[in-house]
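Engineer: Listed below, chain by chain, are the residues.
Number of protein chains: 2
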Amino acid sequence: MKFGENCIPQVSIDCVVFGFHAHQLKVLLLRVRSMEYYALPGGFVGQEEALDEAAQRVLQERTGLTELYLEQFYTFGQRNRGEIEMQQKLAEVNQLSSAEWLQKRFISVGYYALVDFSLVKATPDELSDSCDWYDINQLPLLMMDHHQMIQKALDTLRIMLEYKPIAFNLLPENFTIAELQRVYETILGKELIRTNFQRKILSLEILERIEKKYTGGAHKAPYVYRFKSTKKPHES
Amino acid sequence: MKFGENCIPQVSIDCVVFGFHAHQLKVLLLRVRSMEYYALPGGFVGQEEALDEAAQRVLQERTGLTELYLEQFYTFGQRNRGEIEMQQKLAEVNQLSSAEWLQKRFISVGYYALVDFSLVKATPDELSDSCDWYDINQLPLLMMDHHQMIQKALDTLRIMLEYKPIAFNLLPENFTIAELQRVYETILGKELIRTNFQRKILSLEILERIEKKYTGGAHKAPYVYRFKSTKKPHES
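In order, the protein sequences belong to chains R and V. Using the working numbering, the letters of the first sequence map in sequence onto residues 1 to 236. Using the working numbering, the letters of the second sequence map in sequence onto residues 1 to 236.
The hints are simulated quantities; they were obtained by calculation from the structure and are not laboratory data. Misleading hints may appear alongside valid ones.
[Said to hold, decoys possible] Pairs of lysine-lysine, DSS-like flavour, derived with a Cα cap of 25 Å: (1) V:Lys104 / V:Lys89; (2) V:Lys190 / R:Lys200; (3) R:Lys228 / R:Lys164; (4) V:Lys164 / R:Lys200; (5) R:Lys164 / R:Lys152; (6) V:Lys200 / R:Lys164.
Please put together the full structure from these sequences, using the hints given.
Structural biologist: Structure below.
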């Protein structure tokens, strides 16, 4: 779907894709072509397309994944969020014929996604030079209000962790409790007590134990778990 | 601000205004003129207006209150949420010249507000016959996806109660702990243990005790509290 073609005017979506790797919480960012800014993966909403469908489409294009855990978290609609000058330059640089359409203030619906880092094939869009992961604590210069979007997504994720066992979506299919605990600790930005965490997670009865991880010392090998459902808890 | 005049096309806002009265959680609804439906207070967003400002403006018009506790909670963007036929009829009945503008699918940003029931002067808009309170457990027939909006607002409110002491906004300035507990119980739909509730609320150190409520039997009179801040916690 191209700019302006049968899209809802002045509405966009932006996606904060969270991944977990090397003890870091990461987000997927695009380097905007010929500009100094980075941007969240985003796009527009077709007249015949649901907001959720638009977000899924954008994320499939950027990650190669068709079924990912996705939640709408906030809609950004400040008066000054347009940065019309930047939008003009973006249109010029990329010789967009639909420049007029783009040079308006947009309201943007924010989604966050939790993905298995190892499965993502990061793919830039037609206005970007690159698409890559960045540590959430070392973000490059972001366009418009995208930094605020990431912060709001993280705030929401921290709250929602208490209500839904969604952190599994950041891990491969099989994982140890210690790996899961590291994900929680990284998102929450604090250490958790191992025995309490293990008791709490297991009491939810959402994990099944499948095997011991081979570590060379069998008596110390941790158990490996997976989420009980055959599907990840997209709909939980 | 009238339909279509310098508004962002295909974007609306809808507000779930919660009030508390006679042990009931209530929402403010409009009876749509010449139709069988009720609707949430809503409106459109000016080109030069922030989403939050639009919500404040709509709520001031419907409630007479200028400073109320307001939170954006979800943006509704299903493909079929338009009910174009109903919108056509609404335009016809009200002889709206901007009918064409109205006959498109809209994306609606949902806000919920928590208000002191006793201060609200419920005022219908130009397309409605009445504006009144309804028990959330006995709602009339609602237009479009407004029933879903109320449910989503309630779900969010229940989660947010754990994080922010926002329930005070539903009470008059001065209240007893028992009154506050009834608000929590009504929203959460379950009974809470009195001593635990009192300990938890007081441990937050956000209330100040101002006097005893006169009940005729002084030794049993409960203490009256108010929120410590001079302003209600709109920004907490």
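Engineer: Look at each hint and say if it fits the structure.
Structural biologist: Hints and how they fare:
1. Using a Cα cut-off of 25 Å, the hinted pair Lys104 (chain V) and Lys89 (chain V) holds, with the two alpha carbons roughly 13 Å apart.
2. Among the hinted pairs, Lys190 (chain V) with Lys200 (chain R) is consistent with the structure: their alpha-carbon atoms are about 23 Å apart, no more than 25 Å.
3. Among the hinted pairs, Lys228 (chain R) with Lys164 (chain R) is consistent with the structure: their alpha-carbon atoms are about 14 Å apart, no more than 25 Å.
4. Restraint check: the Cα-Cα separation between Lys164 (chain V) and Lys200 (chain R) comes to about 24 Å, which is no more than 25 Å; the hinted pair holds.
5. Restraint check for Lys164 (chain R) and Lys152 (chain R): the C-alpha separation of about 18 Å stays at or below 25 Å, so the hint holds.
6. Only pairs whose Cα atoms come within 25 Å are accepted, and Lys200 (chain V) paired with Lys164 (chain R) is accepted, the gap being roughly 24 Å.
In summary, the structure agrees with every hint in the numbered list given earlier.
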